[in-house]
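Student: Heads up: the sequence lines are chains V and F, in that order. Quick note, the first sequence lines up with residues 185 to 535 if you use our numbering. Quick note, the second sequence lines up with residues 185 to 535 if you use our numbering.
One thing to keep in mind: the hints can contain errors.
Just so you know, same-sequence chains aren't split out, so a pair can sit in one copy or run between any two.
Straight-line distance between alpha carbons at most 30 Å, and here's what the computed DSSO-like set of lysine-lysine pairs gives [what the hints assert, rightly or not]:
| id | residue 1 | residue 2 |
| --- | --- | --- |
| 1 | 440 | 428 |
| 2 | 445 | 400 |
| 3 | 492 | 322 |
| 4 | 208 | 333 |
| 5 | 380 | 473 |
| 6 | 208 | 285 |
The hints are simulated quantities; they were obtained by calculation from the structure and are not laboratory data.
Given next are the chains, with one letter for each unit.
2 protein chains.
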Amino acid sequence: MNKWFKFLYLPIFLLFTVGKAQEKLTIGEKHSIFSKVLNENREIWIHLPKTYTDTTINPAKYPVIYLLDGENNFEYFTGLTDFIARTPYADIPECIVVGIKNTERTRDLTPTKSQKKSPVNPTLTLFADSGGSENFVKFIQEELKPFIKKNYRTQEYSVLVGHSFGGLFAINTFLMHPDYFDAYVANDPSLWWDNKVTIARTNDYLEKYKKFPSQKSLYVSQADNEEQQKNWNSDMTQAIEEFKGIVEKNGSLNYKHSFFKGETHGTVSYPGNYEALKFIFKGFRTDIKQLAKNPKLLEEEYKKLSDKLGTEFIPSETYLNVVLKFMKSNDFKEAETYFINLKNKLYPKVR
Amino acid sequence: MNKWFKFLYLPIFLLFTVGKAQEKLTIGEKHSIFSKVLNENREIWIHLPKTYTDTTINPAKYPVIYLLDGENNFEYFTGLTDFIARTPYADIPECIVVGIKNTERTRDLTPTKSQKKSPVNPTLTLFADSGGSENFVKFIQEELKPFIKKNYRTQEYSVLVGHSFGGLFAINTFLMHPDYFDAYVANDPSLWWDNKVTIARTNDYLEKYKKFPSQKSLYVSQADNEEQQKNWNSDMTQAIEEFKGIVEKNGSLNYKHSFFKGETHGTVSYPGNYEALKFIFKGFRTDIKQLAKNPKLLEEEYKKLSDKLGTEFIPSETYLNVVLKFMKSNDFKEAETYFINLKNKLYPKVR
Numbered sequence: 185m186n187k188w189f190k191f192l193y194l195p196i197f198l199l200f201t202v203g204k205a206q207e208k209l210t211i212g213e214k215h216s217i218f219s220k221v222l223n224e225n226r227e228i229w230i231h232l233p234k235t236y237t238d239t240t241i242n243p244a245k246y247p248v249i250y251l252l253d254g255e256n257n258f259e260y261f262t263g264l265t266d267f268i269a270r271t272p273y274a275d276i277p278e279c280i281v282v283g284i285k286n287t288e289r290t291r292d293l294t295p296t297k298s299q300k301k302s303p304v305n306p307t308l309t310l311f312a313d314s315g316g317s318e319n320f321v322k323f324i325q326e327e328l329k330p331f332i333k334k335n336y337r338t339q340e341y342s343v344l345v346g347h348s349f350g351g352l353f354a355i356n357t358f359l360m361h362p363d364y365f366d367a368y369v370a371n372d373p374s375l376w377w378d379n380k381v382t383i384a385r386t387n388d389y390l391e392k393y394k395k396f397p398s399q400k401s402l403y404v405s406q407a408d409n410e411e412q413q414k415n416w417n418s419d420m421t422q423a424i425e426e427f428k429g430i431v432e433k434n435g436s437l438n439y440k441h442s443f444f445k446g447e448t449h450g451t452v453s454y455p456g457n458y459e460a461l462k463f464i465f466k467g468f469r470t471d472i473k474q475l476a477k478n479p480k481l482l483e484e485e486y487k488k489l490s491d492k493l494g495t496e497f498i499p500s501e502t503y504l505n506v507v508l509k510f511m512k513s514n515d516f517k518e519a520e521t522y523f524i525n526l527k528n529k530l531y532p533k534v535r
Numbered sequence: 185m186n187k188w189f190k191f192l193y194l195p196i197f198l199l200f201t202v203g204k205a206q207e208k209l210t211i212g213e214k215h216s217i218f219s220k221v222l223n224e225n226r227e228i229w230i231h232l233p234k235t236y237t238d239t240t241i242n243p244a245k246y247p248v249i250y251l252l253d254g255e256n257n258f259e260y261f262t263g264l265t266d267f268i269a270r271t272p273y274a275d276i277p278e279c280i281v282v283g284i285k286n287t288e289r290t291r292d293l294t295p296t297k298s299q300k301k302s303p304v305n306p307t308l309t310l311f312a313d314s315g316g317s318e319n320f321v322k323f324i325q326e327e328l329k330p331f332i333k334k335n336y337r338t339q340e341y342s343v344l345v346g347h348s349f350g351g352l353f354a355i356n357t358f359l360m361h362p363d364y365f366d367a368y369v370a371n372d373p374s375l376w377w378d379n380k381v382t383i384a385r386t387n388d389y390l391e392k393y394k395k396f397p398s399q400k401s402l403y404v405s406q407a408d409n410e411e412q413q414k415n416w417n418s419d420m421t422q423a424i425e426e427f428k429g430i431v432e433k434n435g436s437l438n439y440k441h442s443f444f445k446g447e448t449h450g451t452v453s454y455p456g457n458y459e460a461l462k463f464i465f466k467g468f469r470t471d472i473k474q475l476a477k478n479p480k481l482l483e484e485e486y487k488k489l490s491d492k493l494g495t496e497f498i499p500s501e502t503y504l505n506v507v508l509k510f511m512k513s514n515d516f517k518e519a520e521t522y523f524i525n526l527k528n529k530l531y532p533k534v535r
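Kindly generate the complete structure, drawing on both the sequences and the hints.
Tutor: Below, the structure written as structure tokens:
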């Protein structure tokens, strides 16, 4: 081929390549941070909510959800938080999600050193490397949280979410360090661990402090008992129900327990996390049509929610913009004026 | 600064930059395809399941889920399909998800030309540009599906998933073109549309064909009536229940209707899609511990499922590898031999 022809073909080829170049759909970034506490690198998956980089609003701050077993749950969980935080019918505020990938799962998530013979093959001993949860929570509190706070715009409200051993870890953290997180989610937690040591710790807690902190939230999901019998830990159900009994008898906590019929240990996190988030932020959703009639309702409801959660939540600028658009397009003049003033008060700096 | 100093600093700067480079977490790719039928470009979001690019197994084929309102549902939905398709406790086969982004939503998803006065502001007329669903389904059937089949390894089983107007579209497609998809999911479908024209079409269908096809699946979710009253379409509930009555009276279809207490029109898709997928593929999950005692069970259950769904499903190579590993590590020798033979039969070419 004549070299001039080659030259002429080049731009066409380039155009074609560009036309085929596909945009990736991304939901987060992997970060690697070295933990001095654990003496190893830890992979962290970080998801930022939709409005995080929106330059038409003032830079907002977001609650942070720390998600254990990140590699198993990150994708549907970040889809969930974004989906139910969509205006105007948001059930929760937009959140930053921090997924923590496992290295030595049993080591990190169990509170004591304990072993168990495999119920399938009794010649095998399980969980030899257990009992490291105190170290792991130290990593989260002293290394991971400061890293997140330093690099992202975070609100002072954080949630810890775990399943199975991760649920055990969440409840143990709640008992040993209740101030570390504002809300704890435990999906089908392995409270059977080490002769129910966490049940003993629950009783110890109540003996020492008399009651649970009222502004903390704890959500526990439980898989179907009948299905559980097929699993290896048939004492799981019994331990979860014992825990439920103790906590319900001491009703100070913002606590919910949900039993999921038909769900197995492996699937219960999916509906469990959905219920958990709706439970923790119950009262967050406001009805835009009600606001047309009674604009003050918005601040009243945020005040109630803030009191319940022990942290100040205010309507996001994005939500106020949606409210304003609604009032304007439907000609609710009084409400529109009210929300213009509210927006000016909360977000004085126009972008 | 001395230019040699500058030069020395350069590699340090580069190292730092590389150290900070983060790996993106991606869940799919955006594609743009030109539709002759619609005379416009359409953006398609494509998610491939985890094992799609696994080079240690033979290239597998996957069912395809066509997801309407792609931009609203793609993230949690693809997280869901991956999460509940994880071995060994998979409830569904791994699937390819094709999200279709809207351009003119009302035009594409409604079956007839119809208008409605805004219940909030009666001077506004809604849905002026409606009635294009026949064109839109032609685009899916004649342009999008061939594109997907040509570019990806697809199994001959496809699902159509929609919400609200998308649910209306799914049910209308089921009635007008039942052969286009194998399963249809309609979350809180807008069956009130145009004086319940779809209810009339349901009756027409039954008059003409006497019964619904038994190997097709239809799942309908319904949001909470009490919450619905706050929405704009209070006739939505009534129409969905009328449809339910007609379909249940003609019990040939693989049909499920779920009412979700406490869910709103905006949130019901999240639990609805989860229930829908579990319903469609009910019978897919096999208990690996049962297989140790009765290895033949696996093929028997896949045969049953295939008969029910009218398409042949076989155990994936990935699942057989997990089964084999389980049998080997727990010393179930007979079962191990059985599954080695089964794997050789189904996947003769070793990778």
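Student: Next, verify each hint and record whether it holds.
Tutor: Evaluated hints:
no.	hint	verdict
1	440 with 428	within (9 Å within a copy, 33 Å between copies)
2	445 with 400	both (27 Å within a copy, 26 Å between copies)
3	492 with 322	within (27 Å within a copy, 52 Å between copies)
4	208 with 333	both (28 Å within a copy, 20 Å between copies)
5	380 with 473	between (49 Å within a copy, 26 Å between copies)
6	208 with 285	both (22 Å within a copy, 15 Å between copies)
When held up to the earlier numbered hints, the structure conflicts with none and fits them all.
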